[in-house]
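Q: Using the hints, position chain B against chain A.
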Amino acid sequence: MKKYILPLLFGLAVALPAQAEDYVIDTDGAHAYIHFKIKHLGYSWLSGRFNEFSGDFSYDDKNPTASRIKVAINPGSIDSNHAERDKHLRGKDFLNVGKFPEATFVSTGYQDLGNGQGRLSGDLTLRGVTKPITIDVEQIGHGPDPWGGYRRGFHGTTEFKLADFGIDYDLGPASRTVIMELSVEGVRK
Amino acid sequence: MQLRDDAHRYGAVSVALHWVVALVVFALFGLGLWMTSLTYYDPWYRLGPWWHKSIGVVLFAVVLLRLGWRLWSVHPHPLPNHRPWERVGARLVHGLLYLLLLAVMVSGYLISTADGRALGVFDLFAIPATVTGLENQEDVAGQVHLVLASTLVGLAALHALAALKHSLIDKDRTLARMLGR
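Residue numbers (our numbering), protein chains in the order written: chain A, 16 to 204; chain B, 392 to 572.
The set of hints was computed from the structure by calculation and includes no laboratory data.
Keep in mind that a hint or two might mislead.
[What the hints assert, rightly or not] Output of the computed footprint for chain A on chain B, the stretches with three or more beta carbons under 8 Å from beta carbons of chain A:
id, stretch
1, 423-433
2, 528-541
[To be verified] Far from chain B, some chain A residues (derived; all Cβ distances over 12 Å):
id, residue
3, Asn-96
4, Gly-113
5, Thr-140
6, Met-195
Glycine included, C-beta positions come from ideal geometry on N, C-alpha and C.
Next up, chain B with everything else stripped away, as it sits in the complex:
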């Protein structure tokens, strides 16, 4: 598999970044819902948020890298059988997915840093707080984090269904291309 994208194929870097981000988003969503339901004496009561935040910060860096790579790469052309509305719809959803990804991660950061505490990453380093002390910051950021994360996962599911439709009904290469073929 080639590393870089060209007009017809996604390269290994884009394919890997796509699937890693997809996997991590769904994992963090599940972890987030689960960890907030834990009881105080659960060993994961502290460990869950520790992983959630640390992985979230790494994901943020990966998404920035992905966006950079995407801007720098030649974008594969849409397949000829894709109808105009499908092309527009796909672009719109892709844009929204990126936007939601960034917004979810920023809102998460704003919860943990609302009181000026830094956001620890794997006990290795910490991201300092910037915006702090807004009116009910942790509550508002918390609501936004949950709503946007749910929207992101819902939209990603729609995106996956659309890819499956291309593979199973249209029998085109849309999904295969995202596997590097």
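The shape of chain A in the complex, shown without the other chains:
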């Protein structure tokens, strides 16, 4: 009996449809970034980024709706190129990183819109508040890299109100919504 099991399993594996590919976000090589921008007084953009995050995603060309992603962000790594402002942003008025040292995004669904476009839904946990958000996604490209690996990259944008995540410090009427830009390159595991 035993000698039939292995060929049977092998045959089953061949018959199964292509498996989703798992990727780890290339934060080691910094081929990924999380940027934010928010209006300053309504007159200009203030931009910054989160320097420390990690995550992985799964993507299946044949079944894109099964795609998923999970990203963990260190909100304390916020960097707006101004130490005094960063200190304020990490403090109680904004991210309160002493109390909430981690932010996460975990996808709950993916809608393929064709032409490499998609809509990613998921739960964003920021400052201890978890809320569903939607990220507009564009697949930038994929293929073998020059060093024997395989890579796939996406670019996503979303926006939400700071107050939705308990940040109610008044920056003025034009500065209540933050725009987030998430760009990730994954290296296939």
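A: Leaving out everything else, chain B in the frame of chain A:
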């Protein structure tokens, strides 16, 4: 009032430096707590830190001057009725006050210059950054600045209470001497 200290009295320079530093420390402490609580659209949101930093840098120079003057001067002898533990305690507290003063000002400087920006003083000149980019420098320096400033003000209050005790209970010249008498 004589300018220089002697074995029995503080001169005008020491007296003036003492009270100016005391006044400015308490003012900067209050200003620091108040300005960090302001809302973004408050006119003092930018003006508060501007004064706080500018005055802080000037205070640093004044404290260095004060320390120099103190080293150069004859130090008045302790009053004969001061007990040994009071003399030791007073010296210890005075030393700590100077140390805290310097540490508070240095930590403040390290917040503002953490990203390499210079520290502006009254829009007249700027102190360049030196130590920059330490891990979470602005946050750590900020915590240290607050804790040490609170300790400084607490210790200064203790120092003032001790002086009042000498004046009101012991009825000696300790406090009067700091007024130049």
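Q: Would you mind marking each hint as holding or not holding in the structure?
A: Hint check:
{"no.": "1", "hint": "423-433", "in the structure": "holds (count 3)"}
{"no.": "2", "hint": "528-541", "in the structure": "holds (count 4)"}
{"no.": "3", "hint": "Asn-96", "in the structure": "7 Å, violated"}
{"no.": "4", "hint": "Gly-113", "in the structure": "9 Å, violated"}
{"no.": "5", "hint": "Thr-140", "in the structure": "22 Å, holds"}
{"no.": "6", "hint": "Met-195", "in the structure": "21 Å, holds"}
When the structure is compared with the earlier hints, violations turn up for hints 3 and 4 and for no others.
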